[in-house]
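Protein chains in written order, with my numbering: chain A, 1 to 145; chain B, 1 to 268.
Check the hints yourself; a few may be wrong.
[Stated by the list, open to error] Pair by pair, the computed Cβ-Cβ distance ranges are: (1) B:V192 - A:D98: 27 to 35 Å; (2) B:V65 - A:D98: 42 to 50 Å; (3) A:E58 - B:V65: 36 to 44 Å; (4) A:L100 - B:H66: 20 to 28 Å; (5) B:L186 - A:A55: 28 to 36 Å; (6) A:A55 - B:P179: 20 to 28 Å; (7) B:F180 - A:A55: 21 to 29 Å; (8) B:T165 - A:D102: 47 to 55 Å; (9) B:W129 - A:I73: 31 to 39 Å; (10) A:L100 - B:T152: 46 to 54 Å; (11) A:D102 - B:L191: 27 to 35 Å; (12) A:T70 - B:A149: 21 to 29 Å; (13) B:R62 - A:E58: 38 to 46 Å.
In case anyone wonders, no lab produced these hints; they're calculated from the structure.
On a predicted model such as this, the values are computed, not experimentally measured, just so you know.
Yeah, the Cβ is synthetic: ideal placement off N, Cα and C, and Gly gets one too.
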Amino acid sequence: MHLAYPAVLSALLFCTGLYGVLARRNAILVLMSVELMLNAVNLNLVAFDVWLSRAAEETLHSGQALTLFTIAIAAAEIGIGLAIVLAVHRNRGTSDIDKLRDTAEGHGPDDSGDSEGPGDPAAPHGPGTDTPATGTAAEKAEATA
Amino acid sequence: MTLATAAAHMTAAHTAAAHLAAAPTTGAPEPHGFLSPTGVEIAFLLVGLVTFGAAVVTVTTRQLVHAALWLVVALGGLAVEYLLLTAEFIAWVQVLIYVGAVVVLILFGLMLTRAPIGRSPDADSGNRWAALTVAVAAAAALVWVVADAFRTTWIDLDGPASGSTAVTGASLFQNWVLPFEALSVLLLAALVGAIVLSRRAQPDRSLTPTVSDAPRPAPSGAGPADTAGTGEKADNGPDQADSAERSEGANKANKASKDDKADKGDDR
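Please work from the sequences and hints to get the whole structure.
In structure tokens, the structure reads:
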């Protein structure tokens, strides 16, 4: 088989996953695109391993071993990633990564998740120590107490 | 329907490829050429088209569950490509882990984050055209470089399979034992991490009643049958003379649990 077939297919799949990572807005769709990119790398590894095991008498089979490791790490990654997405969804009510900009500079406080903003003057904030997140948590706790 | 026809093509080409690969194993190696593709190449091309199409649909569809199901098609197509490259163990691992586990996890994630079932108009962000430009430019550059670099390189697929289970297992457990064991530790760490990340503020709520209930016998009737907040508030009363930091911790836990309840109420 010509080596260009799996190599070109791998490049195309990788760029498809790249488009998905850049253009998708839901965090789970971004994770799916990351899976596509990882699979493209796996296809490259397997193809070059099969080629080198014949052409260069390479008996270490490093490509296939690395593919197995990549698959296992991808499984761990999707588990951790989904746990993070679920935690974010539970705290913010959204998994839209365009709205998760709390740590971005130059933007105001996000107006998506919390209905009561951190700038409520009635809330007794600590003297510059607590972040807005703990401020809203204290407000909620006092409102429900 | 197109998928079914493509699958039919795929299986037909695959059987043809098997026949072709089985027949001319003896004799001198014939010269390779672009214009006379072998059966394996044709099968690889067809399955590759299906895989690439499914991947494109995965990243462009607006229905979230459909994206996950098209991801199944793409990953299964890659498993068939591994089989065509004689890496059978990788193929079955791909089927087991990706198609079996990862996609199920993704579907669970979609359901747990209350993804809309129908067509969601905001699946793509605003910078879609910039992303498309970047992806097309990267694809053009990569395909050009790869096709130019490996223009005269052929994979020799005859002879014994270089990725059978015996070969892969021998090389994995002779040469790659230490990374393999390190990987098992990593999987354990990922398991623990996923559990820790996905349980909701449980340690505070479970810690408080054990601390406050330990020194005295359980009161009859009242208390734990209520909701957690009032029970904790009733339990916090007599313990405040114990130590300042304990009551501080109990108050923090109380606030945290109420905050959690408020969040749950907001979600509903």
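(request) Indicate whether the distance between the beta carbons of T165 of chain B and D102 of chain A respects the range 47 to 55 Å. (result) 49 Å, holds
(request) Note whether the CB distance of V65 of chain B and D98 of chain A lies within 42 to 50 Å or breaks it. (result) 21 Å, violated
(request) Take the C-beta atom of A55 of chain A and the C-beta atom of P179 of chain B, compute their distance, and say whether it sits inside 20 to 28 Å. (result) Since the Cβ atoms of A55 of chain A and P179 of chain B sit about 25 Å apart, the hinted range of 20 to 28 Å holds.
(request) Using the beta carbons of E58 of chain A and V65 of chain B, state whether their distance is inside 36 to 44 Å or not. (result) 42 Å, holds
(message) Within 46 to 54 Å: is that where the Cβ-Cβ distance between L100 of chain A and T152 of chain B falls?
(response) 49 Å, holds
(message) Is 38 to 46 Å respected by the C-beta to C-beta distance linking R62 of chain B and E58 of chain A?
(response) 45 Å, holds
(request) Given the range 31 to 39 Å, decide if the beta-carbon distance of W129 of chain B to I73 of chain A lies inside it. (result) 33 Å, holds
(request) Starting from the range 28 to 36 Å, see whether the pair L186 of chain B and A55 of chain A falls in it by beta-carbon distance. (result) Holds - the Cβ-Cβ distance for L186 of chain B and A55 of chain A, about 32 Å, lies within 28 to 36 Å.
(message) The hint says 27 to 35 Å between D102 of chain A and L191 of chain B; measuring C-beta to C-beta, is that right?
(response) Check passed, 29 Å falls within 27 to 35 Å.
(message) Against the range 27 to 35 Å, how does the distance between the Cβ atoms of V192 of chain B and D98 of chain A compare: consistent or not?
(response) Roughly 31 Å apart at Cβ, these two residues keep to the hinted range, so it holds.
(message) Does the beta carbon distance between F180 of chain B and A55 of chain A stay inside 21 to 29 Å, or does it fall outside?
(response) 26 Å, holds
(message) Against the range 21 to 29 Å, how does the distance between the Cβ atoms of T70 of chain A and A149 of chain B compare: consistent or not?
(response) 22 Å, holds
Of the numbered hints listed earlier, the single one contradicted by the structure is hint 2.
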